[in-house]
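Number of protein chains: 6
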Amino acid sequence: MKIICAFFLFTILSTSHASVNDFCVADTKASDTPTGYPCKPVSEITSDDFVFHGFVAGNTNSSNPVALTPAFVTQFPALNGLGVSAARLDLAQGGIVPMHTHPGATELVIILEGEINAGFLTPTSAYSKTLKSGDLIVFPQGMLHFLVNSGKGKASAFLTFSSANPGAQLLDNLLFSNNLPSDLVAQTTFLDLAQVKKLKARFGGRY
Amino acid sequence: MKIICAFFLFTILSTSHASVNDFCVADTKASDTPTGYPCKPVSEITSDDFVFHGFVAGNTNSSNPVALTPAFVTQFPALNGLGVSAARLDLAQGGIVPMHTHPGATELVIILEGEINAGFLTPTSAYSKTLKSGDLIVFPQGMLHFLVNSGKGKASAFLTFSSANPGAQLLDNLLFSNNLPSDLVAQTTFLDLAQVKKLKARFGGRY
Amino acid sequence: MKIICAFFLFTILSTSHASVNDFCVADTKASDTPTGYPCKPVSEITSDDFVFHGFVAGNTNSSNPVALTPAFVTQFPALNGLGVSAARLDLAQGGIVPMHTHPGATELVIILEGEINAGFLTPTSAYSKTLKSGDLIVFPQGMLHFLVNSGKGKASAFLTFSSANPGAQLLDNLLFSNNLPSDLVAQTTFLDLAQVKKLKARFGGRY
Amino acid sequence: MKIICAFFLFTILSTSHASVNDFCVADTKASDTPTGYPCKPVSEITSDDFVFHGFVAGNTNSSNPVALTPAFVTQFPALNGLGVSAARLDLAQGGIVPMHTHPGATELVIILEGEINAGFLTPTSAYSKTLKSGDLIVFPQGMLHFLVNSGKGKASAFLTFSSANPGAQLLDNLLFSNNLPSDLVAQTTFLDLAQVKKLKARFGGRY
Amino acid sequence: MKIICAFFLFTILSTSHASVNDFCVADTKASDTPTGYPCKPVSEITSDDFVFHGFVAGNTNSSNPVALTPAFVTQFPALNGLGVSAARLDLAQGGIVPMHTHPGATELVIILEGEINAGFLTPTSAYSKTLKSGDLIVFPQGMLHFLVNSGKGKASAFLTFSSANPGAQLLDNLLFSNNLPSDLVAQTTFLDLAQVKKLKARFGGRY
Amino acid sequence: MKIICAFFLFTILSTSHASVNDFCVADTKASDTPTGYPCKPVSEITSDDFVFHGFVAGNTNSSNPVALTPAFVTQFPALNGLGVSAARLDLAQGGIVPMHTHPGATELVIILEGEINAGFLTPTSAYSKTLKSGDLIVFPQGMLHFLVNSGKGKASAFLTFSSANPGAQLLDNLLFSNNLPSDLVAQTTFLDLAQVKKLKARFGGRY
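Chains as they are written, first to last, in the numbering used here: chain A, 1 to 207; chain B, 1 to 207; chain C, 1 to 207; chain D, 1 to 207; chain E, 1 to 207; chain F, 1 to 207.
Watch out, some of these pointers could steer you wrong.
[Unchecked claim] With a straight-line Cα cutoff of 20 angstroms, these simulated EDC-like cross-link-like pairs (lysine to aspartate or glutamate) come out:
{"no.": "1", "chain 1": "E", "residue 1": "154", "chain 2": "A", "residue 2": "113"}
{"no.": "2", "chain 1": "D", "residue 1": "132", "chain 2": "F", "residue 2": "183"}
{"no.": "3", "chain 1": "A", "residue 1": "29", "chain 2": "D", "residue 2": "44"}
{"no.": "4", "chain 1": "E", "residue 1": "198", "chain 2": "B", "residue 2": "113"}
{"no.": "5", "chain 1": "A", "residue 1": "129", "chain 2": "E", "residue 2": "22"}
{"no.": "6", "chain 1": "D", "residue 1": "129", "chain 2": "C", "residue 2": "183"}
{"no.": "7", "chain 1": "F", "residue 1": "152", "chain 2": "A", "residue 2": "48"}
{"no.": "8", "chain 1": "B", "residue 1": "29", "chain 2": "A", "residue 2": "48"}
{"no.": "9", "chain 1": "B", "residue 1": "129", "chain 2": "C", "residue 2": "48"}
{"no.": "10", "chain 1": "F", "residue 1": "129", "chain 2": "D", "residue 2": "192"}
{"no.": "11", "chain 1": "A", "residue 1": "132", "chain 2": "E", "residue 2": "27"}
{"no.": "12", "chain 1": "E", "residue 1": "129", "chain 2": "A", "residue 2": "183"}
{"no.": "13", "chain 1": "E", "residue 1": "129", "chain 2": "B", "residue 2": "192"}
{"no.": "14", "chain 1": "A", "residue 1": "129", "chain 2": "E", "residue 2": "192"}
[Unchecked claim] Going by beta-carbon spacing under 10 angstroms, a handful of chain A positions derived as facing chain E:
{"no.": "15", "residue": "56"}
{"no.": "16", "residue": "111"}
{"no.": "17", "residue": "193"}
{"no.": "18", "residue": "194"}
If you are wondering where the hints come from, they were derived from the structure by calculation, not from laboratory data.
Glycine included, each C-beta is placed from N, C-alpha and C at the ideal position.
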């Protein structure tokens with residue numbers, strides 16, 4: 001008897017559930033907000049929304065030593081509002097991920113294979129280590145950091161983030177791919193003007 | 001003199017107020033976001049928006065022992081973005097709220113009448129008590145919990161939550177009302193297959 | 001076979017659980033932090049920590065028309081870090097809860113019995129209603145609000161909050177129980193000086 | 001060689017950047033949400049979006065002693081989601097910012113010139129000081145506070161806030177500009193009815 | 001000249017940095033708080049604090065099919081306050097991670113090798129898929145979920161979480177390892193009493 | 001009568017207030033936590049705690065063109081947990097604040113006098129402007145930014161932040177004052193090795 005009646009409760013609770021934000025798969029065609037995209041209707045969601053394929057080794061070789069495969073909210077809309085994302089990094093021998101920051105995310109790196117020298121910089125110390133398969137390193141939010149394949153073959157890693165959309169701000173891209181006058185860049189970085197101009201030419205910046 | 005002039009300040013401040021989020025009554029017809037619904041225009045808001053009626057004893061009897069009246073953001077849009085909601089629970093003699101969780105909310109229970117045995121489970125302990133009118137119990141966010149009318153007559157309680165939309169995930173609903181193969185449910189719960197099939201039949205699950 | 005082995009996993013997970021913040025019952029003798037008290041050791045926690053007794057009608061009468069029974073983190077340390085608390089309010093006929101704010105919490109009021117006129121104020125509108133048993137009203141965070149027993153007998157309500165420690169700032173207490181010079185209070189409130197002095201005398205303020 | 005190849009990485013990362021919320025300039029014509037406005041498309045953003053002009057001394061004189069220039073999200077949409085805003089305050093001699101609160105923001109005041117007596121009120125203490133150029137005072141979130149030009153000439157200050165949209169709730173505006181019955185205001189504030197009626201007349205409230 | 005002088009600015013900024021929370025490596029011997037552990041002094045921190053070793057395949061075999069290696073804040077104190085953690089999962093053929101929840105964390109799974117059938121349950125749907133190396137699946141916060149090695153050999157995965165301390169609440173552990181009376185467990189789960197007693201015996205629960 | 005009785009309510013509420021976190025002035029000698037310092041006892045707090053003196057023009061001249069006066073939580077403990085802080089910046093003619101980030105804070109700049117060229121960098125654009133007295137500019141959290149006195153005399157500004165402890169990470173300090181090998185810095189920044197060595201010598205880095 002009791003059991004049959006309990007279905008009434010189930011009905012009430014399941015109905016109230018219809019609007020519950022147990023998840024909020026991004027409607028990436030709608031306008032973003034400071035905390036993420038509006039949600040796709042639950043009625044349109046299937047198991048496929050929660051799965052991302054193709055997190056496999058990118059093609060690298062001596063002339064293309066770095067491959068990054070992101071699974072951020074743009075690529076994987078189910079992450080919207082959930083505070084986590086990931087990327088796969090493949091480095092040919094000598095491959096380098098140059099200095100960069102993620103302004104809104106901590107990065108936790110899991111080394112898969114090879115040997116990677118990685119670290120982050122603070123005003124008072126550089127914290128860095130040479131890592132091997134089975135090692136983790138964490139770069140706290142907003143810290144300038146780098147990864148270098150310091151071994152003799154390929155290296156790869158999974159990168160995970162405390163945000164659905166960590167972005168990536170490569171230092172050279174920031175400094176040398178824009179149209180800030182070269183002498184202003186030189187003044188505010190203490191770099192030699194010739195150095196700035198050389199890198200502006202290389203990274204596509206004007207002036 | 002001074003007082004008259006102050007009206008200028010008032011005007012400025014009141015104007016700036018027009019867009020202030022002192023509250024954000026949900027426009028529940030718009031798409032939800034990870035942190036709640038878009039706001040209805042302030043010009044459409046009246047005192048009635050901030051009031052919810054009908055938080056009264058639900059009809060229960062021996063063949064329908066559980067009644068739940070939610071006042072979540074869906075029913076009471078003024079709660080949008082305010083981090084609180086409530087529900088009224090009525091239990092006929094023998095009534096049971098079976099094991100369930102609220103993934104995004106702590107629940108604070110206020111016993112109104114009768115005797116309720118309530119508790120929540122952690123991997124290392126079950127914390128439970130028999131409660132009477134005037135007792136509170138708190139179920140921390142995400143914990144599996146239950147309430148049972150353990151007394152001789154009716155029992156009722158107010159449930160309050162640390163979210164405008166706590167949802168409710170009844171364990172049997174989760175396990176037995178879906179289309180996961182019965183043997184997979186059995187494997188991942190250690191329940192006997194016959195038990196799984198029996199409850200699948202009862203809760204509407206396929207396979 | 002499989003089942004026996006799974007105990008290994010259980011052991012690992014339970015061990016890792018030892019330090020998990022499924023809850024954080026306040027050690028109220030330690031120093032508070034901006035987000036709550038340090039946690040009591042899990043080993044000292046029992047079911048009694050999660051229960052609060054005495055949430056019953058306070059004594060009111062014509063010469064003592066207001067009784068408030070708080071269950072905030074100070075009285076109920078299990079609420080620490082959980083973002084919710086409650087209080088019981090009893091009002092004799094004519095009883096009034098004067099204008100006040102909770103700077104860090106939304107308040108959701110559940111009317112138990114009697115008739116209560118309640119509302120909150122914004123720069124552009126006063127939102128108020130006369131409420132009866134079974135009605136809810138919500139006062140968004142930081143809004144100035146009041147409750148008055150507007151009926152013919154007793155009235156009572158449960159107050160629930162979106163914070164473990166909502167505090168309560170009664171306007172008269174703020175304005176008239178301190179040692180700010182009366183003319184400064186008059187200047188900054190536009191009240192007549194005589195009115196300020198009269199209330200300072202009543203509420204214990206100096207000057 | 002390596003350097004040329006790194007452009008591939010740059011391309012990938014820059015592409016993934018296209019949707020990154022490094023900032024979210026408000027589209028103030030869209031509906032607000034509990035955490036801010038939807039974002040304008042990045043393609044429409046220029047340097048001008050991040051700059052606000054006219055944060056200069058407002059016109060004050062003996063008959064208009066208070067001028068406030070807000071730079072909140074409504075005036076300066078780039079602040080959307082960034083948790084900070086500012087206003088400039090100019091006070092002629094004798095100018096007063098009467099008692100008010102910001103329900104959702106801490107205020108940090110920087111005195112520019114003149115002498116200002118400022119403070120905030122708690123149930124147990126009034127914290128106030130006479131401040132000069134080069135002094136700061138902080139009013140914690142939701143506290144009732146005031147500022148008075150207590151010097152012999154003009155005074156001015158910058159007000160900064162821990163929210164993009166702090167609002168401002170002036171006590172007299174709250175109490176005396178609305179349509180709450182005067183006797184209800186008197187009852188819930190302990191003010192004399194005549195005082196309430198006098199201020200209702202002055203501040204535009206009805207009844 | 002300019003450059004030399006800039007050192008003064010550097011000195012000021014570096015000094016102010018001494019107390020900056022760029023990171024907060026946990027002092028796990030101090031009492032936890034609702035938002036994490038107190039920080040170890042920066043002077044005691046070295047590069048080794050940010051690195052975790054031993055994230056390698058656990059030993060599994062037919063009689064011990066599941067191995068989990070957590071890198072949560074307890075094992076890796078540098079994660080304190082950073083909102084991310086990870087674990088490595090190894091499953092022998094037939095290995096199963098039974099139904100469980102993480103009350104305070106979303107889980108993002110990266111399949112390394114083998115074939116894993118994984119999914120999570122909501123009151124209205126079960127979302128599940130069979131995954132292979134290079135697939136990701138996300139389990140939103142608090143959802144009941146499972147993973148099964150559905151392939152012909154070993155399987156392994158990295159689990160990453162949106163919390164430094166996700167915990168893990170295995171359903172059987174919750175229901176059957178405690179001292180709740182068996183008939184109460186049966187009543188609140190709709191399981192047969194014999195089933196409850198059988199699993200209580202297996203999982204160490206009393207009664 | 002009613003008024004006298006209301007004092008009972010006041011007493012209850014004021015008592016419950018004793019532990020309310022209306023503010024949490026930092027005990028900076030205690031260990032920090034991820035969300036701020038433990039609170040000083042309320043009984044030790046006076047008005048002086050909420051005031052900061054000395055926010056005046058720093059000494060600058062042609063050989064010392066930059067002065068920064070921070071009022072962060074270390075200098076001004078009342079800001080603890082309140083999400084806001086400030087600094088005063090003075091620049092002699094030609095003075096420069098070189099490229100830097102605040103990993104955990106948005107910066108809102110108020111120009112006081114002079115002419116300042118300021119901007120921030122993203123991977124796809126540099127947003128910069130020449131600003132004068134009465135202009136504001138905002139640097140969203142974590143963005144690399146700079147300020148240059150581009151006028152003919154002194155310049156000054158107030159800097160306000162969306163954090164009680166924004167820190168400051170000067171790019172040159174990060175790259176050139178540590179002990180990372182020069183060739184590693186060169187590799188990960190694309191700078192010429194000679195340039196790196198030159199700046200390492202200047203900024204105190206080893207190798």
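Against the structure, the hints come out as follows:
1. Proposed proximity of residue 154 of chain E and residue 113 of chain A is supported: the alpha carbons are some 19 angstroms apart, at most 20 angstroms.
2. Pair hint residue 132 of chain D plus residue 183 of chain F does not hold up; C-alpha atoms about 52 angstroms apart against a cutoff of 20 angstroms.
3. Between residue 29 of chain A and residue 44 of chain D the CA atoms are separated by roughly 16 angstroms; this keeps the pair inside 20 angstroms, and the hint holds.
4. The hinted pair formed by residue 198 of chain E and residue 113 of chain B fails the criterion: a straight-line CA distance of about 35 angstroms is larger than 20 angstroms.
5. Distance check on the hinted pair: residue 129 of chain A and residue 22 of chain E sit about 19 angstroms apart at the alpha-carbon level, within 20 angstroms; holds.
6. For the proposed pair residue 129 of chain D and residue 183 of chain C, the alpha carbon gap of about 16 angstroms is at most 20 angstroms, so the pair holds.
7. About 62 angstroms separates the Cα atoms of residue 152 of chain F and residue 48 of chain A, which puts this hinted pair outside 20 angstroms; it is violated.
8. Under the criterion of a C-alpha separation no larger than 20 angstroms, the hint pairing residue 29 of chain B with residue 48 of chain A is inconsistent with the structure, at around 26 angstroms.
9. With a C-alpha separation of about 8 angstroms, the suggested pair residue 129 of chain B and residue 48 of chain C falls inside the 20 angstroms cut-off, and the hint holds.
10. Our distance criterion of 20 angstroms between C-alpha atoms is broken by residue 129 of chain F and residue 192 of chain D, whose separation comes to about 56 angstroms.
11. Between the alpha carbons of residue 132 of chain A and residue 27 of chain E the distance comes to roughly 27 angstroms, so the proposed pair goes past 20 angstroms and is violated.
12. Of the supplied pair hints, the one linking residue 129 of chain E and residue 183 of chain A is violated, its CA atoms being roughly 56 angstroms apart against a limit of 20 angstroms.
13. For the suggested pair residue 129 of chain E and residue 192 of chain B, the alpha carbons sit about 23 angstroms apart, so the restraint of at most 20 angstroms is broken.
14. At roughly 56 angstroms between alpha-carbon atoms, residue 129 of chain A and residue 192 of chain E are farther apart than 20 angstroms, so this suggested pair is violated.
15. This hint holds: residue 56 of chain A has a C-beta 4 angstroms from the nearest C-beta of chain E, less than the 10 angstroms allowed.
16. Given the 10 angstroms rule on beta carbons, the hint for residue 111 of chain A holds: about 8 angstroms separates it from the nearest Cβ of chain E.
17. For the restraint placing residue 193 of chain A at the interface with chain E, the shortest Cβ-Cβ distance is roughly 14 angstroms, beyond the 10 angstroms limit, so the hint is violated.
18. Because the beta carbon of residue 194 of chain A sits about 16 angstroms from the nearest beta carbon in chain E, more than 10 angstroms, this interface hint is broken.
When each numbered hint is compared with the structure, violations occur for hints 2, 4, 7, 8, 10, 11, 12, 13, 14, 17, 18.
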